[in-house]
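As you go down the protein sequences, you meet chains Z and L in turn. Using the working numbering, the first residue of the first sequence is number 1, and each one after it goes up by one. Using the working numbering, the first residue of the second sequence is number 1, and each one after it goes up by one.
None of these hints come from the bench; they were simulated from the model. Hints should not be assumed to be uniformly reliable.
It does not matter which identical chain is used: a pair holds within one copy or between any two.
To be verified - DSBU-like cross-link-like pairs, simulated, lysine-lysine; straight-line CA separation at most 30 Å:
#1 132 - 111
#2 296 - 88
#3 88 - 208
#4 296 - 2
#5 282 - 208
#6 235 - 65
#7 184 - 61
There are 2 protein chains.
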Amino acid sequence: MKSYSIGIDIGGTNTGFGLVDEKGNIISTTSIFTKDFDVVEAYLDEIVNHIILLIERCEDKSLIKGVGIGAPNGNYYHGTIEHAPNLKFSGIIPVKEYIETKLKGKGYDLKVTLTNDANAAAIGEMIYGGAKGIKNFIMITLGTGVGSGIVVDGKVVYGADGFAGEVGHTIVQPEGRMCGCGRKGCVETYSSVTGLRKTALDLIKNTKTKSSLREISQENIGGKAIYNAAKNGDKLALKCFEITAKMLAIGMANAVAVTSPEKIFIFGGLTKAGDLLMIPLKKYFEESLFVVFQNKIELEISNLDENNAAILGAAALTY
Amino acid sequence: MKSYSIGIDIGGTNTGFGLVDEKGNIISTTSIFTKDFDVVEAYLDEIVNHIILLIERCEDKSLIKGVGIGAPNGNYYHGTIEHAPNLKFSGIIPVKEYIETKLKGKGYDLKVTLTNDANAAAIGEMIYGGAKGIKNFIMITLGTGVGSGIVVDGKVVYGADGFAGEVGHTIVQPEGRMCGCGRKGCVETYSSVTGLRKTALDLIKNTKTKSSLREISQENIGGKAIYNAAKNGDKLALKCFEITAKMLAIGMANAVAVTSPEKIFIFGGLTKAGDLLMIPLKKYFEESLFVVFQNKIELEISNLDENNAAILGAAALTY
């Protein structure tokens with residue numbers, strides 16, 4: 001049946017809004033600059049305004065199922081954003097409650113559902129993407145950080161406190177590299193875009209391996225430069241992808257040992273590296289798997305369009 | 001309401017049977033030596049005979065809910081034991097199907113449910129033990145190996161293939177000690193009773209630390225000797241518990257990041273070490289947890305009686 005959802009992707013820089021139909025077509029979009037707001041209430045009020053903008057653009061308001069929000073450190077149970085390091089607003093923000101109340105005050109009775117970005121991406125994959133009909137899978141999002149959404153028996157695992165699914169913050173090298181979270185050796189500190197860059201800087205400093213990356217300035221060494229170098233067969237750059245893949249592979253294999261998924265979907269900026277990432281990832285993943293899981297779990301790059309996935313995932317929360 | 005279950009604990013040496021009431025009281029028991037059987041059919045036939053023995057001992061056969069079996073490498077979906085390394089019978093054994101058919105042939109129409117020992121222990125904890133009413137928890141079993149059962153939203157996670165919950169075979173030290181499973185650095189290779197012993201032998205060989213353990217023969221160094229030495233303040237023995245605890249702590253913290261449980265129950269022989277294990281375990285566990293999970297997950301020694309837990313867990317499978 002025809003229906004619509006409003007999906008909102010809250011990021012540190014931008015906040016994107018989309019009116020999405022039941023097939024995952026984005027009918028209309030709008031956005032605001034998160035960074036422009038210093039006061040959280042002003043920011044949330046502007047979100048409400050943009051939700052109403054999209055409601056008004058819908059052909060039939062009565063077909064709108066609700067509002068879904070994907071946000072950093074979003075808590076599904078409480079509908080809050082809690083201590084998100086890359087947002088200006090500190091503490092615990094009661095996003096769901098605030099927005100529902102304001103919408104109601106303006107005559108719109110819509111349920112707001114909120115979770116973190118990676119859980120939203122997992123639900124997006126399940127409702128609109130390659131995970132349709134798959135009951136047990138893991139979604140890994142590779143961006144500035146490493147996020148994950150765990151699906152068991154067709155449902156996202158939120159756990160006791162709503163924060164389940166932090167594969168990026170599992171430890172795979174106890175005496176390893178310092179992570180932004182204050183511990184050592186988390187997957188994220190190696191396998192995010194930031195981690196890939198750290199690996200390059202580390203190899204440039206601590207090895208003698210020849211590399212075209214030595215000829216560019218430190219601040220220009222990022223995912224794209226490393227990718228281009230690796231494409232040209234640069235050994236140091238290829239080694240960066242090997243390390244990124246190996247650490248992620250161990251983290252994924254450990255998560256497999258916990259929930260035994262049928263498939264793992266990989267999503268986000270780093271997947272643009274294609275085989276440079278996926279070939280070593282598949283190799284190290286099989287090597288790292290406990291024997292009963294070997295040769296039966298598919299790794300697949302998400303087929304959600306990266307530009308729209310966050311909004312689609314958020315919209316899918318209304319299902 | 002009054003009801004009974006038959007719980008069966010299949011081990012490499014013994015197979016224990018118990019008739020259990022709805023409160024977890026074991027009404028009657030029997031057992032056979034697994035090792036006495038070379039042919040799997042003869043073994044399964046003897047299991048059937050002992051099930052019938054317990055049925056006949058029940059005050060009212062119509063109150064028996066079913067038969068639950070906890071077994072190494074037990075697969076819940078297929079009702080099979082698959083490639084169990086410590087059983088004489090190799091390959092895939094269709095335990096559930098065989099026993100149900102034989103029972104039916106003898107006029108007993110009972111459902112047989114099978115899973116691995118650690119999942120059975122988790123269900124036992126949930127039905128008869130300290131996890132009553134807890135929706136999200138992890139059960140860790142520390143014996144010859146390290147097993148685990150993962151409970152999410154009140155249900156054991158079996159995953160896509162029925163083998164979920166292998167925290168013992170998550171990798172916590174990629175370049176670490178060889179594990180029996182063929183990979184390096186699994187939790188089990190450090191934090192099982194066998195692992196504790198390996199650590200002692202390793203420290204005796206590769207350090208100069210004085211220790212009373214140096215005065216006993218290698219074959220006599222086991223959990224008990226290490227425990228006794230540690231109790232007397234022996235530094236090397238204390239270090240063994242530190243390492244056991246640290247590796248287990250990382251594995252548990254990584255599992256927490258996946259499913260976010262409210263509590264972790266620790267079960268099995270090693271828990272007899274009490275504070276020698278639990279104090280360093282709690283310390284390293286908190287240190288290894290991602291910040292959002294710190295100071296909110298309780299670690300608790302299982303309050304299931306160790307001698308009966310396997311049978312109780314198996315019986316609980318019928319619920």
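Checked hints:
Proximity of residue 132 and residue 111 under a CA criterion of 30 Å is satisfied intra-copy only: 24 Å inside one chain copy versus 33 Å between copies. Taking the shortest Cα distances, residue 296 and residue 88 sit within 30 Å of each other only across copies (26 Å), while inside one copy they are farther apart (43 Å). For the identical chains of this complex, residue 88 and residue 208 are neighbours neither inside a copy (41 Å) nor across copies (53 Å), given an alpha-carbon limit of 30 Å. When the C-alpha separation of residue 296 and residue 2 is checked against a cutoff of 30 Å, the pair qualifies neither within a copy, at 37 Å, nor between copies, at 43 Å.
Proximity of residue 282 to residue 208 under the C-alpha cut-off of 30 Å is restricted to the intra-copy arrangement: shortest distance 28 Å within a copy versus 42 Å between copies. In this homomeric assembly, residue 235 and residue 65 never come within 30 Å of each other (Cα to Cα): the closest approach is 51 Å inside a single copy and 64 Å across copies. Within a single copy, residue 184 and residue 61 get their C-alpha atoms no closer than 50 Å, and across copies no closer than 58 Å, so neither meets the 30 Å cut-off.
Against the hints set out earlier in the document, violations occur for numbers 3, 4, 6 and 7.
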